[in-house]
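The listed protein sequences correspond, in order, to chains A and B.
The working numbering applies: residue 1 is where the first sequence begins, and numbers increase by one.
The working numbering applies: residue 1001 is where the second sequence begins, and numbers increase by one.
Simulated from the structure, these hints should not be mistaken for laboratory data.
Here the structure is a predicted model, which is why all the values come from computation and not from measurement.
Cβ atoms here follow ideal geometry from the backbone N, Cα and C, with glycine treated the same way.
Please note that the accuracy of each hint is not assured.
To be verified - Where chain B lies over chain A, by a calculated footprint (3+ residues, C-beta under 8 Å):
1) 82-94
2) 97-110
3) 119-130
To be verified - So the derived list for chain B, only partly shown, Cβ under 7 Å to chain A, looks like this:
4) F1014
5) G1023
6) S1052
7) P1066
8) M1073
9) G1077
10) K1078
11) A1081
12) F1082
To be verified - Under 10 Å between C-beta atoms, here's a sample of chain B residues computed to sit facing chain A:
13) V1006
14) P1044
15) Q1048
16) A1051
17) G1058
18) V1070
19) P1079
20) D1080
21) V1107
22) F1110
23) S1134
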Amino acid sequence: MPLNIRTYHELTEPDRSGLPQQIAAQRHRVAERLVGVRRVVAVMSGKGGVGKSYVTAGLARALARSGRATGVLDADFNGPTIPALLQLPVARCTFRDDAIAPAVSADGVKCFSMALLLEDGRPLAFQGPEAEGHVWRGSLEAAVLREFLADVAWGTLDTLLVDLPPGIERFQELAELLPEPPAVLTVTISTPESRDAVRRAIRCAADRGAALLGVVENMSGEPFGGNAGEELAAEFHVPLLARIPWHPSPSVYDALAEGLQ
Amino acid sequence: MKFLCVECDRQMVFEERRLPGDGTLAAAFRCPQCHRVIGLLTNPMETQLVASLGVKIGGRTIDAQPLETVRSMVATGKPDAFTDDGPRPTESAPTWSPEAQERLARVPSFVRGMVKRIYLDYARQHGIAEITPSVMDSARSELGLEGM
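Next comes chain B alone, as it looks inside the complex (with noise of 0.2 Å):
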């Protein structure tokens, strides 16, 4: 999927997505050369079929997780099928708020460790000591993470 600028003839470039949480994205493309900008509007049912493709549009801001479609997209899975992903080696983590850990426990359990491990790798890639809601919303924004 590309956009033109017909009347600049220049391709445009991927600004920004986002995924306002009712299965819709919306991306914005920008033309290099006139500055117009366009916005792909993609409904729930063309929405889910990117996804399950496991490619991201505007490209990937984080690593792929183990089994990350998998642990994202099924709904019948056994909330205890996984233990968490365990922290990452040599890396001291970051600490967590009441409040965040409050609201990492409603993420159901089937991918609750991959949710934890994203936020945290978040969180040391950003220098931050005590995740917080404020820090979730920030990762959940910057990294396009739909209903984590």
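Just chain A, same shape as in the assembly (with noise of 0.2 Å):
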């Protein structure tokens, strides 16, 4: 016998639980707890290794300098590195105004991170059944971002840099919380191997429409070949912001900065 029932979409009666309207209340706390950042950008990468974070605390550090106000979101939950980078302090975390305050560090730059809560050197590990892991974690990691964006009060800022891991999958979580998809900005070495996987992270933001902002190439010159930074800014009509050396003095992040007025 056939099943002839209403449909998901046929009940319209009140739902107490009401979860599509619990997701959009997700949704508009972090809108308001952003509404004081000019602009969010995403460091991204689809290759692992290539020094997102260094670029990353880098530019914060130089943005601070050149008197602009700017936070990081240390969005690689497992293998976070952006407050040894900008040397933060070490101290618990406090509460204001029902969010969480952001370590702050010298230059000035607000910053929150994973690093900040997890025991040293212990990984990041959730509670939880074992079993199937792997089908929620991801979305607990989803969950997490959401939080270290709504939660932390990142107060006024010009820009907010999210260092992401490697790969696009954390992109496509941020892009889904925040109303706009975020500026981004890709980090490449130079290399062939390097271009063709951060090529499909740069095709993977414009399908989502996110502004390109351009691209960095790091740790550039010998030993590495190639002239992946030059090839993908061609490729994608977008500048090739900066070529940072091994050993950058501030003035290459300055200049960097400098270039996303």
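Mind assembling these two chains? They're in different frames, but the hints should get you there.
Listed below in structure tokens is the structure:
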């Protein structure tokens, strides 16, 4: 006998659980928290080990030096390094107006990171059943990202840099949480292998409707061959914002910050 | 997730949620016409998946707390990562009985500040001057505070 019943969208009676409304409230909380942030910039790369976090930290300090209020959300929950790179003081997290106060570097960069919360040397692990952990772990990490956006007192910022882990998953989560997709700054090294991996990430961001700010070629010069930064910039019609050498001076990041006006 | 009483063609309404403490969840839904009640029972993995979305079946009973998911779900957090959430301004805080203090002290410190604030808010909302283990039990049951 065929099943002849109303389906989900045909049930319109009030629903006390209101799960879609709860999700909408979460998004609203993110938008409200970021109302004082002029722009969110995702620092991404399809490739691991290209120095996204170093670039993020150097750029954040340069932006702060130029007088622009800057924050960094360290979205690499499993390998957080931003607090060390910004030389943040070790301190307990405090509360301000129903939110967590971000840590602040000597340069004035606001920051929040899983590194501030985890026990030294321990990996990020969640409470919960061990079986089928892969089913819910990604969802929990997305919830962490949402709370880092919504529950940290970012205040008024010119730029909130979001340091993403390798790959595109965290970018997709970020784009879903924000009212609009974040602007994207892409980091690569010069090799053809990096170029090919980073191309996929840039394509993903472009398909999502994100503004592409440009490409940074990090660890530029020997021993790496190739010309990935220039090639990707030409392919996507964006500027090659910087070629950062192995031992950059602060002025290299100052120039990068200037290019991100 | 919605439930339909096929016989009455009516959407069933949420009645009650229980977290028995073993990682599972039980929720009851009632048909507003024939009053038949059915139970939704989720296994630990399914319960975790719902929790990871930051939503509550049956609706939220308390406002979202800062870093609620992080503090209640991260198992490897630094015990001293957070200071206490602190008292809400302009309100006098209920007191804690020694037994309640002892029980609160057993909550992992990573999440203790949040749990403390939830109990304090619950006591204020119910006009309770002293928080005792019995009050904590009532709050857990009414608010659905798994593991707190």
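Here is what the structure says about each hint:
For a cut-off of 8 Å, the count of residues in the region 82-94 of chain A with a CB near a CB of chain B stands at 3, and the three-residue condition holds. Evaluation of the coverage hint for the region 97-110 of chain A: fulfilled, as 3 residues show C-beta separations to chain B shorter than 8 Å, against a requirement of three. Proximity of the region 119-130 of chain A to chain B, defined as three or more residues with a beta carbon under 8 Å from a beta carbon of that chain, is established by the 10 residues found. The closest approach between the C-beta of B/F1014 and any C-beta of chain A is roughly 4 Å, which is under the 7 Å cut-off, so the hint is satisfied.
Using the Cβ-Cβ criterion of 7 Å, the hint placing B/G1023 at the interface with chain A is satisfied: the shortest such distance is roughly 6 Å. The interface hint given for B/S1052 is met, as the beta carbon of that residue sits about 4 Å from the closest beta carbon of chain A, less than 7 Å. Interface hint at B/P1066: satisfied, since its Cβ lies 4 Å from the closest Cβ of chain A, which is below the 7 Å cut-off. Because the beta carbon of B/M1073 sits about 5 Å from the nearest beta carbon in chain A, less than 7 Å, this interface hint is met.
Interface hint status for B/G1077: upheld, as the beta-carbon distance to the closest one in chain A is roughly 5 Å, under 7 Å. Because the beta carbon of B/K1078 sits about 5 Å from the nearest beta carbon in chain A, less than 7 Å, this interface hint is met. Among the interface hints, the one on B/A1081 holds; its C-beta lies about 5 Å from the nearest C-beta in chain A, closer than the 7 Å criterion. At about 5 Å, the closest approach between the beta carbon of B/F1082 and any beta carbon in chain A falls short of 7 Å, and the interface hint on this residue holds.
The beta carbon of B/V1006 is positioned within 10 Å of a beta carbon in chain A (closest approach about 5 Å), and the interface hint is therefore held. Satisfaction of the interface hint for B/P1044 is found here, the shortest Cβ-Cβ separation to chain A being roughly 4 Å, below the 10 Å cut-off. Given the 10 Å rule on beta carbons, the hint for B/Q1048 holds: about 4 Å separates it from the nearest Cβ of chain A. Contact between B/A1051 and chain A, as hinted, is supported at the beta carbon level, the nearest pair being about 8 Å apart and thus within 10 Å.
This hint holds: B/G1058 has a C-beta 5 Å from the nearest C-beta of chain A, less than the 10 Å allowed. Checking B/V1070 against chain A by beta carbon gives a least distance of about 6 Å; that is within 10 Å, so the hint holds. The beta carbon of B/P1079 is positioned within 10 Å of a beta carbon in chain A (closest approach about 8 Å), and the interface hint is therefore held. Annotation: interface hint on B/D1080 holds; nearest CB of chain A at approximately 6 Å, less than 10 Å.
Interface hint status for B/V1107: violated, as the beta-carbon distance to the closest one in chain A is roughly 13 Å, over 10 Å. With a cut of 10 Å, the hint placing B/F1110 at the interface with chain A holds, because the nearest CB-to-CB distance is about 8 Å. Given the 10 Å rule on beta carbons, the hint for B/S1134 is violated: about 26 Å separates it from the nearest Cβ of chain A.
Violated hints, in rising order: 21 and 23; the structure is consistent with all others.
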